[in-house]
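Two independent chains are provided; combine them into the complex using the hints.
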Amino acid sequence: MKSSKLVKFFLIGIMILFLGIFVVLPMISLLVNAFKEGLKVYFNAIVHPETLHALQLNLIVAVFSIPLNLFFGVVCAILISRFEFRAKNILLTLIDLPFSVSAVISGLIFILVFGLDGWLGKWIEEKGFQVIFATPGIVLATIFVTFPFIVREVLPVLEASGDEEEQAAFTLGANSLQIFYYITLPKIKWGLLYGVILSTARVMGEYGAVSLVSGHISGLTDTLPLRIDKLYNEYQVTSAFAVSTILVGFAFVTLMLKLFIEQLKRKSHS
Amino acid sequence: MNSPIYYSKKIKFFIIFYTIVYLVIIVIIPLSSIFFKSSELNLEKFFSIAFNLRSLYAYKLSFLSSLFSAFINSIFGLITAWVLVRYDFLGKKFFDTIIDFPIALPTAVAGLTFGNLYSKEGEMGKLLGFQISYTPIAVVIVLTFVSLPFVVRSIQPVLEDMDLELEQAAASLGANPIQTFFYVTLPYLFPAWLTGFILSFARGIGEYGSVIFVSGNIPYFTEISPLLVVMRLEQFDYAGASAIALVLLTFSFCLLVLLNILENWTKIK
Chain A
53 MKSSKLVKFF LIGIMILFLG IFVVLPMISL LVNAFKEGLK VYFNAIVHPE TLHALQLNLI
113 VAVFSIPLNL FFGVVCAILI SRFEFRAKNI LLTLIDLPFS VSAVISGLIF ILVFGLDGWL
173 GKWIEEKGFQ VIFATPGIVL ATIFVTFPFI VREVLPVLEA SGDEEEQAAF TLGANSLQIF
233 YYITLPKIKW GLLYGVILST ARVMGEYGAV SLVSGHISGL TDTLPLRIDK LYNEYQVTSA
293 FAVSTILVGF AFVTLMLKLF IEQLKRKSHS
Chain B
11 MNSPIYYSKK IKFFIIFYTI VYLVIIVIIP LSSIFFKSSE LNLEKFFSIA FNLRSLYAYK
71 LSFLSSLFSA FINSIFGLIT AWVLVRYDFL GKKFFDTIID FPIALPTAVA GLTFGNLYSK
131 EGEMGKLLGF QISYTPIAVV IVLTFVSLPF VVRSIQPVLE DMDLELEQAA ASLGANPIQT
191 FFYVTLPYLF PAWLTGFILS FARGIGEYGS VIFVSGNIPY FTEISPLLVV MRLEQFDYAG
251 ASAIALVLLT FSFCLLVLLN ILENWTKIK
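Those protein sequence lines, which keep their order, are chains A and B.
Basically our numbering = 1-based index in the first sequence + 52.
Basically our numbering = 1-based index in the second sequence + 10.
Hints may contain errors.
[Unchecked claim] Covered stretches of chain A (chain B as the covering partner; in silico rule of three or more C-beta atoms under 8 Å from a C-beta of chain B):
# : region
1 : 152-164
2 : 253-266
[Unchecked claim] A few chain B residues that face chain A, going by a derived Cβ cut-off under 10 Å, partial list only:
# : residue
3 : Y16
4 : I25
5 : K103
6 : I113
Since the hints were made in silico from the structure, they are not lab data.
All of these numbers come straight from a predicted model, not from anything done at the bench.
Where a beta carbon is used, it is the ideal one built from N, C-alpha and C, also for glycine.
Bound-form chain B, shown alone (with noise of 0.2 Å):
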């Protein structure tokens, strides 16, 4: 281990001390209980509980739900960090801070204004003529307002370093604006845009306070993964629903080691 010469022996020693102390309590004992409560599960156990047709229902609809609203975000996302950057107008900077907005809104105050906006009385409602809420097209919309922030700020960033003579260049050798988007402006934001995107969607598999206001919890239509551990320590089956957490924490897992990759990817270009 190499540390910087001006801190002092106890100083060096109290910094990693403390960084690790405060992480075991605080994360690592936490979470290494959901692997010894699902192990106290026989792997037939196991199964019957974290991969029942219940379960797969609620994983294919949030997986499914976050890949779409991940998905308009992105479209919409990219818009409107080029909007944001390239662009003057009235109210920008008005819209450029709402776009935190969905961050510092607790997820229930989002999920009840939602469930109600596009229920049966709300204003969506009515003007639809139809009911959205309570069907897996809300927990879609609802998903996305959640995880709206991240593929817009991981562009922003990017586009706004971005050399403009790159562009110009594309420009001057006789290529369109429509050419030199997709082959000039859009591979250099691709890293940056894949990014958001899998923040995007790993936001929407682990949400859980706005989705149970809009979804109605319908079993086998409407009812996610996460919901699913919390019916289970609701029954004090302490081990059935570390067993589903455990399917959860895995595939967290996974897109952070792909973003990490993705992040060193980046540093390499």
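This is chain A alone, in the form it adopts within the complex (with noise of 0.2 Å):
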């Protein structure tokens, strides 16, 4: 027994120090290099009208993008866990291809298509228009890049809980939406939540997409990732890790969130 004690501490010392060397320290390295010129500096990056720009344009982004994949996740994780069909496994290809395609043919697919030399560019033009170098073109790419996400958080909640309920509902004479409202949304209600604020963090964080089809005109179509990118190419190194701690802030919420709602959903089934 006593070598199965060894065998345990040493293990967990291996974690310790692996996510130490790869998670922890880096945290502690930003957070450091974030306040090493004082809190002036640090405060001074963050209220810069440029910074608070950046994280309006942010919000203005999740705005527009969370809604229209909330609707879409719920409306296609249905559509694959409640219907057979063939080209399934298509659909489920087509879902999972932006988790698994550079972030840069992400931004690449929009400028070739609503560009100035893209197969819409023209007639966006004429219309008086602008798609890319725009927000219009930061919300499309940042669609693409999240989309999956609520997809693939409501669907394996709709694949395990199957829809018994449901056919109960409707053979005691509940219509189509009531079925949806009362049964089917309180059982993927955790998902969809975990969905949206895992989505919110990537929105908030999507660098490469967003590079491409921004443009970055500061003060203007740079979000918050592509001013922390500018400031440190302008060897304002400290001010560019003071903004970065604002995008840690958001995946700190998150990661904090998540638990939150493993509670909440642990107590709701016990």
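Next comes the structure, spelled out in structure tokens:
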């Protein structure tokens, strides 16, 4: 029994070392660097008009992309879990694509469609709109990157719970919308909530796809990650780290909410 | 197509129609533009862009560094998952939670942090006495961070569901703990382990935001393939950018198919 205890401590030690080097140490370093030149520099970086504008743009993008993906996520998860059809595997592969495709590709494809040289570029220009190098392009690229999150959170819940209750409600005379609102929605609410939280974190932090379609116009099309990128390239490293702490804050809140939801879920099950 | 009886015809039509339209607008049309744009090039031109020496070096770096980081993650991820499922200790919840940190943290912030940490002026750079940033090793390190959750999160649920009787049976038949682990536990975990490995590998291949901050982007040395797409775009060479993107896309697609096969394999088991 003594040797198994030794193994236990050894393995726990390895895990702590691994997570310490790869996760904890970098986060400490980030915070130390953000406050290295004192609170004044830190707050100046945060309340800088361009930083505040970037934050505002991030929120605008979130307000458009998350509800669209939320609605689609629910509809698509119902389709996959409740309908039987042959092309299901193709549909699932399409949904997983944004996870495995490079963020660079997620930006490129919208430039190819909406850019000046793209399929709809001329038409959009004639109408007086701008998609690429403007907010709509950032919203589109973000939607592409984040739409799988909600589907992927809701789908397993629907598949695991089955649809006997829906059928029972139907035989008792409930209509489609009542069934959704009173039966299906309560089942998926935690998955849905977690999907929304996860996509919010992603919407705030998406860099690759957004950097291609935004055009990097300071105070206009810079999101927070692009603002950080710019500060870093202008050798304002401390300010770059300071602005990063806003996004670290979002990441931290995401993880805390996840813990909280898991706790609630456990409570509602027992 | 079989559909549930409890939705009215209108709702069924809406569900199918809406899903198709959304996917066509958001995924299918934009993605197909890569095929059409790169088909503007003739074959010779396509190959001279997508497979010239500089591109080949970039693919090689992306491929090898993703492979290395996936290896690191599969070894330490297995240990981490094992520790988190099988042992109780102080701070377990904390470590379990920070596993997801790389998913929640923006990649650009990760890149900035690691790039600084391992540079000459950074804490690790000073500690080690030499600079790791701007070398392929830095790419491996940051990719390990970015893809850290995949192996752990693939193995964890399988290990939790595993019937302890399997291992007890092996032990009662005289197997020592090491034999039990290698002959009983590991084969049981293998499909999930492989899935985690491929997920983390796939993540590494396409990763852009974090890598460009740590790699220094030196051609033929630390330049990754997604960056080639960006550079072509900056020169308004849309067809060239699409050609390289097509290579990357094909590769990701193959990995997805592989994952799909794996998933079916696990289901049959």
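Hints versus structure:
no.: 1; hint: 152-164; in the structure: holds (count 11)
no.: 2; hint: 253-266; in the structure: holds (count 8)
no.: 3; hint: Y16; in the structure: holds (3 Å)
no.: 4; hint: I25; in the structure: holds (5 Å)
no.: 5; hint: K103; in the structure: holds (8 Å)
no.: 6; hint: I113; in the structure: holds (8 Å)
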